[in-house]
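Protein chains: 2
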Amino acid sequence: MNESDIIARLRAHFPRIGDDAAVIGRQVITNDMLIEDVDFTLSIPLELIARKALAVNLSDLAAMGAKPQYVLIATGIPASVDAMQLTEAFIKAANEYDIEIIGGDLSGAEKLTISITAIGESDRPLLRSGAKPGDRIYVSRPIGASAAGLYLLQHGWTLTDGPPTVGYATKEFALSAIRRHVDPEPEVALGMKLSAIAEVTACIDISDGLSTDLHHLCEASQCGAEIERERIPTFPDLLGSGNALGIRPQDVVLHGGEELALLFTSSLRESELSARAGRPVYAIGRVTKGRDVLLNGEKLEARGFDHFRGGGAAP
Amino acid sequence: MNESDIIARLRAHFPRIGDDAAVIGRQVITNDMLIEDVDFTLSIPLELIARKALAVNLSDLAAMGAKPQYVLIATGIPASVDAMQLTEAFIKAANEYDIEIIGGDLSGAEKLTISITAIGESDRPLLRSGAKPGDRIYVSRPIGASAAGLYLLQHGWTLTDGPPTVGYATKEFALSAIRRHVDPEPEVALGMKLSAIAEVTACIDISDGLSTDLHHLCEASQCGAEIERERIPTFPDLLGSGNALGIRPQDVVLHGGEELALLFTSSLRESELSARAGRPVYAIGRVTKGRDVLLNGEKLEARGFDHFRGGGAAP
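Residue numbers (this note's numbering), protein chains in the order written: chain V, 1418 to 1732; chain P, 1418 to 1732.
A portion of the hints provided could be inaccurate.
[Stated by the list, open to error] Far from chain V by the CB rule (all over 12 Å, computed), these chain P residues:
#1 His1430
#2 Ile1441
#3 Glu1453
#4 Asp1456
#5 Glu1464
#6 Tyr1487
#7 Gly1521
#8 Asp1522
#9 Arg1558
#10 Thr1582
#11 Met1609
#12 Glu1647
#13 Ile1649
#14 Thr1705
#15 Asp1709
[Unchecked claim] In silico DSSO-like links for lysine-lysine, alpha-carbon gap of 30 Å or less:
#16 Lys1509/V / Lys1528/V
#17 Lys1528/P / Lys1509/P
#18 Lys1484/P / Lys1484/V
#19 Lys1484/V / Lys1716/V
#20 Lys1484/P / Lys1528/V
#21 Lys1610/V / Lys1549/V
[To be verified] Just a sample of chain P residues kept apart from chain V, beta carbon distances all over 10 Å, derived:
#22 Asn1448
#23 Ser1460
#24 Glu1505
#25 Gly1525
#26 Ser1546
#27 Glu1616
#28 Gly1674
Since the hints were made in silico from the structure, they are not lab data. The beta carbon of each residue, even a glycine, is placed where N, CA and C say it ideally should be.
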């Protein structure tokens, strides 16, 4: 039993299920739940927890190419958390992301629980299912930092500091990675641009890890993929400082979750797509006719995050 | 600090907040979260937990007079709960309520957590804010059973049995009340009918208790209310059997939550409104110009459920 069995069962009854968000006409709707000690700990300030809870939902809308408009926020709040402070954090984050809070629910709980529903719209929602053999496979930005940051937080680092023995450059890298983990940026502007480029054929956000999300995209599009390790853009200094800190760069790049980078496909070449998107995007391989997902010619297993098997992405 | 302070703070920034559901054009959207050991226990079968989680959301749509269409279901599932069995329970409940599951989220959790977003539509969404002085105040059906059922479950009763010393009629009452608590029926059909009757001016569902929800309606409508205890329809045999079982009938009727009955206002008389609704509805008093909420001439305190103060509705 794992997550994909459950999604397959739901899809058999409700075919609209299975993308990053549901499409109803021009409207795109998603929801995600974050739970204390599963998805975050209270060592992170409420302001960042609120921002990230919004960000993971906006990232699902970004993957559909939608413009975010509204959110509903349901919270289960333990006695140790100041409910008004959390409310202020959500108001601030919503204003920063320029979205309107239109409703929600408040409840007591043992663990801080945040369930957000985000609603946006798009003239052409991007789906996971449109990739065609021959399309190039793209990643929107360098990846690997989120899982590296999580590893560091679990190994003695805080948001602002680490072991005194670590050198300046390594510390810079570590704090950047931690920041990327606790305050990831959804690719909202890029998603909207990609939605307007007819040659972009499929899109998903990297939330479970590149390997797992590439499998998701290929399954939905009934295709395979060949990607090259050397072409995957990697977070700056991950190879150098990462190794020194005990992180396995290859693993966090291939399998690290919560990146919120976009993974997408297009018939356009890298230079043309970057020009039309108005920023660099990174071609990492090609869509193939078969069903295999290959990395440098070898089978790439989906070793990212499964919400019931837990873990994966172990750096 | 309580729930209404937080809602007031949110409303100051986001004026659409504050009704049972948010209105975007013809669309009506709500979400509610249920958490194990706060809102239910795992002594209740998953099938009923799933039905109730849907029901409380559909009740919010019913209060807006909307026809339910879609739901997104986010679940945090502990190891002790069979995720596939819960999935089957949601599929069954959605089919019974004739709504489409369009998305959701799956996560591990220590306590079973269910957050549902429900979407419906209405040509004329009913708000809490439309009540006018002189309008009659209505309750849609006899109330008091849900809190009575909760009390019994907390005092040795199960879904199917209680102490052997209890007589036949009392046992019938007790099991009916328990059933009403674990499997409450949202007033979807009535809500849609009321939405089509122009003389229905305001509506809310009784989820926090009659006293609290009447205060909510009066605050939103900037009016007061005078209701009469003798006119409030009471669940059959609550007065007789309830007392014998240790329940305080007056308290569960006035302050018991999770009834999912509708509380609404209209200029129409009881006989005419019942005829046009196609079923009995119960006038319990009048909307007034002042801001007091009175029961038989005395101030009626809002003693129903506050999600941070907890309790209320203590039977």
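Taking the hints in turn, this is what the structure says about them:
1. Not every CB of chain V lies more than 12 Å from the CB of His1430/P, the least distance being 5 Å, so the non-interface label is violated.
2. Here Ile1441/P does not stay apart from chain V, with its beta-carbon only about 7 Å from theirs, under the 12 Å limit.
3. The beta carbon of Glu1453/P sits about 9 Å from the closest Cβ of chain V, which is not more than 12 Å, so the claim that it is off the interface is violated.
4. Listed as outside the interface, Asp1456/P is inconsistent with that label: its C-beta sits roughly 7 Å from the nearest C-beta of chain V, within the 12 Å cut-off.
5. The beta carbon of Glu1464/P is kept farther than 12 Å from every beta carbon of chain V, the shortest such distance being approximately 16 Å.
6. Chain V draws Tyr1487/P into its interface by the beta-carbon criterion, the shortest separation being 7 Å against a cut-off of 12 Å.
7. With 12 Å as the threshold on Cβ separation, the claim that Gly1521/P sits away from chain V is violated: the shortest Cβ distance comes to roughly 7 Å.
8. Against chain V, the non-interface label of Asp1522/P is violated: not every CB pair exceeds 12 Å, the least being about 5 Å.
9. Distance to chain V confirms Arg1558/P as a non-interface residue, since its nearest Cβ pair spans about 24 Å, more than 12 Å.
10. Distance check on Thr1582/P: its Cβ is at least 35 Å (rounded) from any Cβ of chain V, clearing the 12 Å threshold; non-interface status holds.
11. Every CB of chain V is more than 12 Å from the CB of Met1609/P (nearest about 20 Å), matching its label as outside the interface.
12. Remark: the non-interface label on Glu1647/P is consistent with the geometry, its nearest Cβ contact in chain V lying 34 Å away (cut-off 12 Å).
13. The Cβ of Ile1649/P sits about 27 Å from the closest Cβ of chain V, beyond the 12 Å cut-off, so the non-interface label holds.
14. Listed as outside the interface, Thr1705/P is consistent with that label: its C-beta sits roughly 29 Å from the nearest C-beta of chain V, beyond the 12 Å cut-off.
15. The claim that Asp1709/P lies off the interface holds: its Cβ sits roughly 27 Å from the closest Cβ of chain V, which is beyond the 12 Å cut-off.
16. With a C-alpha separation of about 22 Å, the suggested pair Lys1509/V and Lys1528/V falls inside the 30 Å cut-off, and the hint holds.
17. Our distance criterion of 30 Å between C-alpha atoms is met by Lys1528/P and Lys1509/P, whose separation comes to about 22 Å.
18. Straight-line distance between C-alpha atoms of Lys1484/P and Lys1484/V comes to about 26 Å, which keeps the hinted pair within the 30 Å bound.
19. For the hint pairing Lys1484/V with Lys1716/V, the CA-to-CA distance comes to about 36 Å; that exceeds 30 Å, so the pair is violated.
20. A distance of roughly 34 Å separates the Cα atoms of Lys1484/P and Lys1528/V; the hinted pair therefore is violated under the 30 Å criterion.
21. Between the alpha carbons of Lys1610/V and Lys1549/V the distance comes to roughly 20 Å, so the proposed pair stays at or under 30 Å and holds.
22. Not every C-beta of chain V lies more than 10 Å from that of Asn1448/P, the closest at about 5 Å, which undercuts listing it as non-interface.
23. Look at Ser1460/P: its CB is around 18 Å from the nearest CB on chain V, clear of 10 Å, so calling it non-interface holds up.
24. Separation of Glu1505/P from chain V is inadequate, the least Cβ-Cβ distance of about 8 Å not exceeding the 10 Å criterion.
25. With a minimum CB-CB distance of about 5 Å to chain V, Gly1525/P fails to clear the 10 Å threshold, and the non-interface call is violated.
26. With a least CB separation of 15 Å from chain V, Ser1546/P remains clear of the 10 Å interface cut-off, as annotated.
27. Non-interface status of Glu1616/P relative to chain V is upheld: no Cβ of that chain comes within 10 Å, the nearest being about 27 Å off.
28. No Cβ of chain V approaches the Cβ of Gly1674/P within 10 Å, the least distance being about 12 Å, so the stated non-interface status holds.
Checked against the numbered hints listed earlier, the structure breaks hints 1, 2, 3, 4, 6, 7, 8, 19, 20, 22, 24, 25; every other hint is satisfied.
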